[in-house]
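**Student:** Letter by letter, the sequence shown follows residues 1 to 74 of this note's numbering.
Calculated from the structure, these hints are not laboratory results. Check each hint, because a few of them may be wrong.
Simulated DEER-style distance windows between Cβ atoms [said to hold, decoys possible]: (1) A38 x G59: 19 to 27 angstroms; (2) F71 x P27: 29 to 37 angstroms; (3) R18 x R41: 22 to 30 angstroms; (4) L52 x L13: 41 to 49 angstroms; (5) S24 x V55: 35 to 43 angstroms; (6) L52 x E11: 42 to 50 angstroms.
For glycine and all other residues, C-beta sits at the position ideal for the given N, C-alpha and C.
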Amino acid sequence: MDTPGKEAMRERLEALRRFDAWASAHPTYLPAADAVAAAGRLYDLLPTASRLRPVDPQGVMTLHRLLRLGFASR
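I would like the entire structure built from these sequences, with the hints used as guidance.
**Tutor:** Here it is, written out as structure tokens:
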């Protein structure tokens with residue numbers, strides 16, 4: 001009889017196998033022009049109301065501060 005931990009481990013290993021197969025089919029290097037184009041495309045997908053809102057970097061700044069202080073693992 002399998003324990004729940006063994007089944008979870010089997011599922012995790014299968015997920016990692018699928019990810020490895022996906023990763024091997026996708027480039028790890030992206031030329032700068034392609035990266036900028038991709039960012040622009042993602043921006044285009046935002047709703048108009050979101051694009052019109054002023055940028056508020058406070059959340060990102062808080063996250064960076066917490067990461068610097070070592071709170072990421074808590």
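**Student:** For each hint, tell me whether it holds in the structure or not.
**Tutor:** We went through each hint and held it up to the structure:
Look at A38 against G59: about 22 angstroms separates their beta carbons, and that is inside 19 to 27 angstroms. Under the hint 29 to 37 angstroms, the C-beta atoms of F71 and P27, about 34 angstroms apart, fit the expected range. Look at R18 against R41: about 25 angstroms separates their beta carbons, and that is inside 22 to 30 angstroms. Evaluation of the 41 to 49 angstroms hint for L52 and L13 yields a pass: the beta carbon distance comes to about 46 angstroms.
For S24 paired with V55, a C-beta distance near 37 angstroms keeps the hint of 35 to 43 angstroms intact. Separation of L52 from E11 is about 43 angstroms and conforms to the stated range, judged on CB atoms against 42 to 50 angstroms.
Checked against the numbered hints given earlier, this structure breaks none of them.
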